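Chemist: Construct the entire structure; sequences and hints are all you get.
If you read the protein sequences in the order shown, they are chains D and X.
Reminder that position 136 of the first sequence reads as 136 in the numbering used here, one-by-one numbering, no gaps.
Reminder that position 187 of the second sequence reads as 187 in the numbering used here, one-by-one numbering, no gaps.
None of these hints come from the bench; they were simulated from the model.
Treat the numbers as computed from the prediction; the structure is a model and nothing was measured.
Please note that a few of the clues may not be correct.
Said to hold, decoys possible - Facing chain X, according to a computed beta carbon distance under 10 Å, are these residues of chain D, among others: (1) Phe119; (2) Asp133; (3) Phe178; (4) His182; (5) Thr242; (6) Ala244; (7) Arg246; (8) His259.
Claimed, not checked - Reference excerpt, derived from the structure (chain X facing chain D, CB under 10 Å, subset only): (9) Arg20; (10) Asp120; (11) Pro179; (12) Tyr187; (13) Asp238.
Ideal Cβ placement from N, Cα and C applies to all residues, glycine included.
There are 2 protein chains.
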Amino acid sequence: MTITHPITPGTALWVHAHPRSDSLNGRLFAEGVRALSTDFDVRTSDLYAQGFDPVLRESDLRPASTGGPIWQQLEDAYASGSLPDDIRSEQAKLAAAELLVLQFPLWWYAPPAILKGWFDRVLTGGFAHGDVDAQGLPRRYGDGGLAGRRALVVVTAGEDARSIGPRGISGDLDSLLFPVTHGVLWYVGIETLDLHVVHDADSLTASEVEAEVERLRERLSGIASEPARRFRSLRDGDYRETRALRADVLPGRTDLQIHYV
Amino acid sequence: MTITHPITPGTALWVHAHPRSDSLNGRLFAEGVRALSTDFDVRTSDLYAQGFDPVLRESDLRPASTGGPIWQQLEDAYASGSLPDDIRSEQAKLAAAELLVLQFPLWWYAPPAILKGWFDRVLTGGFAHGDVDAQGLPRRYGDGGLAGRRALVVVTAGEDARSIGPRGISGDLDSLLFPVTHGVLWYVGIETLDLHVVHDADSLTASEVEAEVERLRERLSGIASEPARRFRSLRDGDYRETRALRADVLPGRTDLQIHYV
Chain D
1 MTITHPITPG
11 TALWVHAHPR
21 SDSLNGRLFA
31 EGVRALSTDF
41 DVRTSDLYAQ
51 GFDPVLRESD
61 LRPASTGGPI
71 WQQLEDAYAS
81 GSLPDDIRSE
91 QAKLAAAELL
101 VLQFPLWWYA
111 PPAILKGWFD
121 RVLTGGFAHG
131 DVDAQGLPRR
141 YGDGGLAGRR
151 ALVVVTAGED
161 ARSIGPRGIS
171 GDLDSLLFPV
181 THGVLWYVGI
191 ETLDLHVVHD
201 ADSLTASEVE
211 AEVERLRERL
221 SGIASEPARR
231 FRSLRDGDYR
241 ETRALRADVL
251 PGRTDLQIHY
261 V
Chain X
1 MTITHPITPG
11 TALWVHAHPR
21 SDSLNGRLFA
31 EGVRALSTDF
41 DVRTSDLYAQ
51 GFDPVLRESD
61 LRPASTGGPI
71 WQQLEDAYAS
81 GSLPDDIRSE
91 QAKLAAAELL
101 VLQFPLWWYA
111 PPAILKGWFD
121 RVLTGGFAHG
131 DVDAQGLPRR
141 YGDGGLAGRR
151 ALVVVTAGED
161 ARSIGPRGIS
171 GDLDSLLFPV
181 THGVLWYVGI
191 ETLDLHVVHD
201 ADSLTASEVE
211 AEVERLRERL
221 SGIASEPARR
231 FRSLRDGDYR
241 ETRALRADVL
251 PGRTDLQIHY
261 V
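Modeler: This is the structure in C-alpha cells:
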C-alpha cells in the first residue's frame, strides 16, 4: 500500500481548540483566519463549536473485523470507508491542506483533551501512517501520506517566557510540545514551523492583546516562505536499524533535542 | 487560603483509560487492582466504563461569576461547590488516596484524550493548586493541596525499548511523559515513582502477557516502600525568582532532565 494524499495548493486548515469565542484565543482565531485568508483558502475546524467528540471508542472501529489492536482496526475501518462521518470530514480537510494551523491554550502543559482526541481519532493508519517505502522502511518521521505539508502551532500560555522557557521550572515549551511537533506532526510527515507562543495569556492588557493580534497577523503574512524546523529522518542515516540514534551522533545525550537536525 | 486535603491512609485510586476490558490494558487493570487490594483499599476510575466526559466546557464553570480566565472560573466553581457531580466525585476519590495509579496506552506519545481531559477537568484551582505559603511562594511543584501523595504511571507502548528509549527516534519516554509526571503530578504536589512501561504491547504472546501481569503484580507488592523520583522544588533554592534554574546549576543545559534532583 502506498498512501499519498494530493494537496490542494493554497489551502490551509486551521484547527482551533478553545471553548470561548470571546476569549483571547477566540480573537486570535478570528483575526488569524481573516489574515491568512489573504493568501490561502482557509478551512476551519473549530472543535468546540463543532461539538467534536475526542473520545476514540468502539464506534470508530466498525467493522470490528480483525479483532487486532486498536490501531489495526482503525486502519481497517479507514480502508473500508467505515469511519464515522465526523472523522472522514476532518481527514478530507487535512488531506487537502498545504498548511495546518493548530491553535490551543496550553492546559497542563499539553493541548486540551478535545485536540488530543482529534489526533487520536483523525490520524488513523492508512490515512496518516502505516505505509512502507520501496526499501521496506516505514514511511514515518518526515514521510508518509501527509508528507509535504507544513504546520504552525499557535499556543497561549498563562506563564511568562522565563518560567516556561529553556531553563524555566515548567520545562522548555519546545520540549513540552515535542510529543505534538515530533510525535504527531513529524511522525505523519508534517514539518513544523517555529512555535508561535503568546505568554502571560491570562493577564494581557487590552493594548497588549492588540499587539499580539498584530504579531500573529505579521507572522501569517510571511508564513508561505518561512523555513521549517527539521527533525532527523529515518532516511538520514542518523538512526540505526534499532531506531536508536547512532552512538557517534551527539554521543551520550538522551534529551529530546538530539532529534533536531 | 490554605488547601490541604487529608489522606485516608492505605487508600489508592486507580485511574484507567482504555476502551476495552478484553485488552492487555484491561487485563493489567483487573489484575493490578486485585494485587494492589492486598495492601490498599483501592477505588477505581475506569474512565471509559464510566463514560467520563473529557471536554472542559461551560457547564464546568457555573456560576460564571467572575468573567475571568477559565482557570479562575474553575477555582470559583470549586469554592462555591458548583462543579458538576462527576468532577466532585473524582476529586473526592483523589483527595482520599495515598497512592494514585494512572494506567493508559500511549497514543500519540501522550495519554488518550479521555485521561487528558480528566486532568483538565478534575485538577481545578482551589482543589489541586492555587495556594500560597507563609512566605508568599505558590504551593506548587512538590507542594500544594495534594502534597504527600505518590503516583505510579503504568503505560503500554507499541514500540520497543530502543525506539522509545533514551536515544530512540520517538524520544525518551521519560521526557515524553514529563508533561504528566512533572507538569501535572509534581505541579500539584504528587511525587512519581519510576514509570512502569510495557513495551511491544501490540505484539506480546500469551506467555509474554502472563509475564507482564506477573511483573506488575511484583511491582505493586513492594509499592508502599518504593522510593519516589524527585524533581526540583521551588523551595530548594535551585530556581531564581524568575522561576528559571540558577545559572550555576547544570550550566548551559536546557533539556527537561535538568529539573530532576
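Chemist: Would you mind marking each hint as holding or not holding in the structure?
Modeler: Each hint tested on the structure:
1. Phe119: Where the cut-off is 10 Å and the nearest Cβ of chain X is about 5 Å from phenylalanine 119 of chain D, the hint holds.
2. Asp133: 16 Å, violated
3. Phe178: This hint holds: phenylalanine 178 of chain D lies near chain X, its Cβ roughly 6 Å from the closest one there, short of 10 Å.
4. His182: 6 Å, holds
5. Thr242: 4 Å, holds
6. Ala244: 5 Å, holds
7. Arg246: Holds, about 9 Å.
8. His259: Status holds, d = 6 Å.
9. Arg20: 8 Å, holds
10. Asp120: Given a least distance of 5 Å, the restraint on aspartate 120 of chain X holds.
11. Pro179: Hint holds; proline 179 of chain X Cβ to chain D Cβ min 4 Å, cut 10 Å.
12. Tyr187: 8 Å, holds
13. Asp238: At about 9 Å, which falls below the 10 Å cut-off, the nearest Cβ of chain D leaves the hint on aspartate 238 of chain X intact, so it holds.
When held up to the earlier numbered hints, the structure conflicts with hint 2 and nothing else.
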